[in-house]
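Novice: These are the residues of each chain, in order.
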Amino acid sequence: MKNPSQKASESEMVQDAADALERAGFSRRNFIKGTGALIVGFSMGGAMEAFAAQGRPAVFGENASPDSPPAAEVDSWIAIGSDGTVTAYTGKEELGQGMSTAQTQLVAEELCVPFLRVNLIVADTAKTPDQGVTSGSQSHPANFNRNNLAGACATARQALLDLGSKKLGIPAEQLVAVDGTVRAKNDATKKVAYADLVAGKKFSLKVDSSAKRKPASEWTVLGKPLGRPDMTDMVMGTFEFAHNVKRPGMLHGMVIRPSAVGANLMNVDESSVTGMPGLVKIVVKKNFVGVVAEKPWQAIQIAKRLSVTWSPAPELPKQETFYEHLRTQRPVRDILLVNSKDVDQKLAGAATVVKATYLHPYQMHGSVGSSCAVADVQGDKATVWSATQGVWHLRATLAMLLELKPENVHVIFKRGSGCYGINGADAVSYDAAMLSQAVGKPVRIQLTRKDEMAWENYGFAFTIDERAGLDAQGNIVAWDHEAWSPVLGNRPVYTYPGNVITGFLVGFQPEEFKPRTPAPEPTSFSNNSNAIPSYVVGHVGGADHGAGTVKSERALLHNVISPFWTGPLRSPQRLQNTFAHESFMDELAAHAKADPVEFRLRHLSEPRMVDVVKAASVNAKWDARPSPNPHAKSATGFATGRGISCVAYEGDNGFSAMVAEVQVELATGKILVKRLVVAIDAGPVSNPDGLRNQSEGGALQGLSRALGEEVTWDDHNVTSVDWKTYHSLPLGFAVPKVDVVLLNRPDLPATGAGETAITVVAGAIANAIFDATGARIRQVPFTAERIKAALAG
Amino acid sequence: MSAISLIVNGKTHSLDVDPTTPLLYVLSDDLGLHGPKFGCGLGQCGACTVLVKGQAVRSCITAVEAVQGIEIVTLEGLGTPERPHPIQKAFIDEQAAQCGYCLSGVILTAKAFLDKNPKATEKEIQEGMSRVLCRCFTHTRMLRAIGNAQKEMAR
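These protein sequence lines map, in sequence, to chains R and F.
Each residue of the first sequence is one higher than the last, beginning at 73 in the numbering used here.
Each residue of the second sequence is one higher than the last, beginning at 56 in the numbering used here.
Simulated from the structure, these hints should not be mistaken for laboratory data.
Every residue gets a Cβ at the ideal spot worked out from N, C-alpha and C, and that includes glycine.
A couple of the hints might just be wrong.
[Stated by the list, open to error] Taking beta-carbon pairs under 10 angstroms as the criterion, some of the chain F residues facing chain R (in silico):
| id | residue |
| --- | --- |
| 1 | 62 |
| 2 | 93 |
| 3 | 107 |
| 4 | 108 |
| 5 | 147 |
| 6 | 176 |
| 7 | 180 |
| 8 | 182 |
| 9 | 184 |
| 10 | 192 |
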């Protein structure tokens, strides 16, 4: 594609959507922005006038790209074709979590059309609104409540009823929307099709966040366990991933990453590969080195043979002492999340003070397919097919990298291998773009396994100190949480290509680390990182925001600079902090000689937390008694136990509790997890089968992270660079039974759903090991050696 | 480069490629197939799996010259939406995927295993799948689907 024009971009749309727009005579962007003769304005009803007086709802981050289809416009989200087909546009991507299915259900439900009549267009900077990134369990709350996609659909339905009212001469209250038509409630023959009301024209309406959503009691599509429409193509092997994108004349690239973390490029000896078959070009910019060849295997051979010299690099901190090393690092950035200022005083007066330190390693996204992108950069225009979680972010930063205008960069999301956060998708998109720009032709690159694993933005390592006081009755009187965590880079967002490896290698710096100590007192409540335990009141700004009852509270985070790139990995920080909180809560329960479930319930105030804890424990047939179990050990050298863990994800964005049942082989420390029961409250269940699939996957991914996954390194390099050195549980391990209990809350707002199950796994397992053996394991992953050491200790 | 003859999903292809090229690159790049995928290039994860004479083979570490003239089946060749293989049907019925990237390895490894071990126990099936990775951890559904397909295939 020589000139990625608007026309060309529309050829990427599903045919029905493209047809609908073509019939309307508009390109997508012109369709939204235009004010031509075909455009029909809808009259604004009373609700709209009230809404207009209030101003636009804050539906995006304030940094949303200025030329994004505006989120406040219904037309940015919905278009109705002359054949009655509904095309919906979303920035929230299908990453494998079922989000496209659920969003299609939402549109079908709110607009009263069959599921199959909805075409969903996902994350494409030429077509869809800038919704930031698809991450952080934000898709369900963002698009299923009152704004954005759901709000646009509800507004559109009301507008269709109003238009139908005019056309049929029947008051809107006496009309109903059914199967793509507006018809009289009491006479099905008096009806008009949507297509005849709006076909191919604009709504020209603001999204009305007060527009009436269809109540869950009337849902016939949303809330149902519909199968995923992409499943058949995936199972037949015909689905097109980013990895399968092909462009005419496409070449193949490979990159050569530095020899060590922090090494600089000294020399590239091009003569080392002269004459190799398929060689097109060696590309060097600052510390970025890549090759372009005609065929993928040729590119790999050339990259392997190319003689590249790097400077010696400083030694990495020793892994053996890394957790202690974090405590002494300068500079440091201190963040206080909550501080009642009486913690030391309350601890001094407590009957018992309990302290423990928990350690969590860097872990990796470790996508099963290494990251891949295709870029076509020609002249002053670029098109990139990428599995990025944020197409608009990538567009903005690609423009910086390529020195092009953002409006000349077109990013099209194509699904990649499951990412669980920022894997190599953004970095490899930069790689592809750099190489394509250098040769003026489309270039595809898929990273080697080692390049993916050695240079991705790892999930955060943590050293966490917990301290709490118990009164004479065994109630918690104060809780102090203090954590150290290393950071470097992040998602690139709109302005930091240097937040991932490729951007850094070509000369961009990561987002500046801003030292700050001591931390200012918190002025607003945020528990996005779950640094604040669920059991405290979370008193900030004159009000309690927490899920618990403990009034004396402090949560303090020290960020220090990481030797490795870091970024969000499924349940970032929340998982690490929750492992510490929930393990420690169990330690407190043991000190109080209380049943761990009862002890939690005693210190929780949030009813939704109480409900998930009860649901998990009831479904697991919880054996109520203090831990450890004195009768857990069998004559055959095994011990069995059960543990519980729970979280108010980000404080209020989803709730889960899990009971784990484990068996420990006492002689070896080997554990067998036999059963996981997880209760989930994500607000209204949009697709129960999808939520179950997410929760089952989250439970087992959490198990793999708890039992085996750890980034390792030596003096200069990451050494966990393949599946022999980074330990992911394969399909054939002894998979526990996973029971998912869904708590449907049709009356409440939609919350996050994809990260709640994984967050509670490590705590539940550690607590079950303690119940079985009386040994407390405080370091992830729970390898047999560590469990054995804990048993001996 | 030299002429290589490959029989893939019942069709014969004549290709001019470096004979040491791993089969995966020829299938996905030269033949444009979507089923087999690059995961690790080391034979560790299974994403590149194809069937060669009914055996599950890791195409990322199999030179194309080694499979000349031998029947190769990729995930695309196993069934169609109208006539899915029982394993494919079971995966759809169980909705046994999340991102779907690993499916070539999962389904074809299961196919080769069940063909050879039609009466395998649940534990033996798990062992048979022990070298395949799914990082979305759709394990429970996948193993259930394979078990369901085993029953169907026995009928």
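Novice: Would you mind marking each hint as holding or not holding in the structure?
Specialist: Hint by hint, here is what the structure shows:
1. 62: 17 angstroms, violated
2. 93: Constraint on residue 93/F satisfied, holds at 6 angstroms.
3. 107: At about 16 angstroms, which exceeds the 10 angstroms cut-off, the nearest Cβ of chain R leaves the hint on residue 107/F violated.
4. 108: 19 angstroms, violated
5. 147: 5 angstroms, holds
6. 176: This interface hint is violated because 13 angstroms lies over the 10 angstroms limit.
7. 180: 8 angstroms, holds
8. 182: 6 angstroms, holds
9. 184: 4 angstroms, holds
10. 192: Cβ of residue 192/F sits 4 angstroms from chain R, so the hint holds.
The earlier numbered hints that this structure contradicts are 1, 3, 4 and 6.
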